[in-house]
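Peer 1: Model the full structure from these sequences, guided by the hints.
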Amino acid sequence: MNSIKKLLIAFSLLSLLAGCSPDVREISDTALVMSIGVDYDKENKKYTFTTYCILPAMPGGDKTGKLSEWVASGSGESFLDAAKNLRSRAGKSLIFQHAKFFIVGEEAARYSFYEIVDFLSRNRQIRITSYLIVSEGKAADKLQVKSDSGDLISNELLGKVRNEKEWGKSITMIIRDIVNLFPSQYRGYVTSRLSTAQSKSKPHEILILKGGAVFYKGKFIDWLDGNDTITVHLLSKKSRWKELEIAEVIHFQSLKLSVFYHVSNSVIHSSFVQGTPKMNIDIQLNATMGNMDHNLNLNRREVILQLEQAAARQMAAKIQKSIDHFQKGLKVDVLGFSDRFIQYHPKGWTMLKKDWDAVYPTIPVQVHVSVKIEQLGMIQSMGVE
Amino acid sequence: MEQRPEPIRTSVDLNVEKLLQRFADNEHLVVRNIHKEEGSPLASIVYLSVLIDEKRLNQQIIRKISEDLRLQNGSAEDTIMESIHSLGEIKVLPQIDAAVSMISDAGILIFVEGHSKAYGINLPGYETRSIEEPKLELNVRGPREGFTEDLQKNLGLVYRRLKTSELKSKAYLIGKQSQTSLILLYLENKVDGAVLKELKSRIESINMDVVSDSAEIEEWIQDSTFSPFPQILNTERPDRVVSALNRGKIAIMMDGTPIALITPTTFFELLHPSEDQFERFYFANFMRAIRMITLFISLFGPSLYIALTTFHLEMIPTPLMMTFLSTKAGIPFPSYVEAFLMEIAFEVLRDASLRLPRIAGQSVSIVGALIIGEAAVQSGIVSRPMVIVVAMTGIASFTIPSFNTAIALRMLRFPLMLLAATSGVFGLSMGMFAIILHLCSLRSCGVLFLDPVESASWRNSLKKYFLLPVRYRRISRVKKHE
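From first to last, the protein sequence lines stand for chains A and B. All residue numbers for the first sequence refer to this note's numbering, where the first residue is 1 and numbers rise by one. All residue numbers for the second sequence refer to this note's numbering, where the first residue is 1 and numbers rise by one.
Because the hints were derived from the structure by calculation, they are not lab data.
The list that follows gives simulated cross-link-like pairs (lysine to aspartate or glutamate, DMTMM-like), each with its CA atoms no further than 20 Å apart:
1) A:Lys92 with B:Glu314
2) A:Lys219 with A:Asp41
3) B:Lys463 with B:Glu275
4) A:Lys100 with A:Glu69
5) A:Lys100 with B:Glu314
6) A:Lys100 with A:Glu156
7) A:Lys46 with A:Glu77
8) A:Lys66 with B:Glu374
9) A:Lys217 with A:Asp339
Peer 2: Spelled out as structure tokens, the structure:
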């Protein structure tokens, strides 16, 4: 009985504690940080940390029950300093765990990327599964842009990332993958590129997620266009191309055909022939007919075979062109050839690695694409010649 | 010092005088004398007029005795004895004390001149309720009979369903003043002897003046008095008693209450209605799974919400978080105050609608749930998600068929809410830990309270928690924990 009395007294004391706990964060006193932008001013050596937050609209107004957007930035001598200086402007406690996007300004990516990655991997509040995107120009400006659909821009960006697998012309990486690839001395990696364009329906600019930003040896090198990111998608891990769907216009005889491809298999072979490295790329695509501009006799097997060959040639040329750009233009091992040599030819790699930067552009790469038209669609022909 | 039992004398007058002394100041004691001729009575009939069926007494017993006396051959006393014996079940009572309790127990007492014994016949004449559908344990399918306040009827309902000589009973009289009869029922071949012995000794230890409901018996014989959880199942369904007896349990039935007790009971039996056995087993198991969830919700619903919204904002999915953010805007109270307000409001409404007459009860729940709830949200005193959480929790607790288990869970919600408000999920897990430890330590008549979970393996526990089709159902019997 005595112990029960003690227990009850202890319980009643707990009610006094309820208000004192230092960790309590009431939901109504918080601002949810949905996206973070970081910028670096090389001349003044100033760092800027911008947050795109949502907070509950103030009660009393007619917007009660709605959310309002709020963009705030702080600057300082380091990212942490800038982030802390931001607090002078914030009237709410900032919750970073829900930030899905970490947008890096072009200048910051070029000159202080090491610091960014270091900050991100040390920080406990920003999830390592959030996306890292490089913006053309300043990231802070991008967060000020109004969305095209009227939704929150973070939601819109999330939708854009989700749509990536349906067209392949952007490629977004999560922070964890970037942190993993960051220390590599030999290979580069690509994350997507955020730019703005004039909206056709609205008077303001809108955000465009297209193309890629190439990083190598810890800094931003150059932009990639959409066709090149398709190649990166195709030649990455299976998880990247498994659900990928890419559209392609095929010029066949005098016809213009649109198909979309699903990747059924994608293999990179590497070999060492008499001390010289060689790469073989083998991609199998399944095509679905989208539309065509004239009638074509699809009943005949050889027509389809010819069509498949033409499509394969065109796709191979496209991939070859991208790879040439990676090798000769960028001189960055975006596709991770070096990883293959390290894993499959460790002896050869010891010779290669000293002058990898010189060897990489010269490696012969053979691209072989096979296309199989699996589905013609609901009809054979429109019935008009 | 123990008093020696008072014997019954051979003189009718003396005996009647004794009884009149015992029942002094009782307006209802009636003494009727049977005379042959003038002089002292041959026999006396004594009874309490409020308890017995006087019509039957007059028309059957007294008429029979007087007719027999008229046609008598042999001595008058012998004739009376003969007619008494032809009246049916007769109890021969050698002492005054027994005679007194016979009168109190709706009986008539016959003293015959020259016999040092009293003869008692039970002749209850009070009104009892007829057998109705159980009020608390409603079933969609299954028997519709429920116990009444009459022990004889109740026993009949059980005996009718178990036609075996293995069905044993043991009767007790509980309460010094009320002298309430209490019957233990069990199946000899199924029951665990150790449990039975334990239970008998507990019942013998009951020391009360008046027992008015089996709830008092339950309190007295349960293992842990201060536990919030009931450890004895109560039911008003004879079919439930029968299936419990078949599992080696002991039923305790008491006169004057429609509620029978079943012990030993395990925690999970309290969670399932008897209907489970009558439903198709897919559905029964689906409902058992649902009830596991509602058990969790009714215990942790509001506290989990408090913990998540005050400490672990990162654990809430972003879209949900945005919804919370917009609904919580401008609410003047922190989450835990909100939750306390709403929980207490809910308990108030529940109790109010229970106490009011049925017709008014409905209007209370409408006013409470709709008007107050909606007004509180509209005026920005409580947030919408909190209303949903509290309502969901309340409804979840009603799915648990055992009323007092649901009450236990509802009460435990409050300390858990405090724990959640002070230390978040950490506090919540400590609370959960404490509750589980407590449940593990509980026994019901020496049988583990968390029975299927504790024993052997997960597989076995699940098999026992869920029902197999009747064909494959193996009846598990309770065993005392060593």
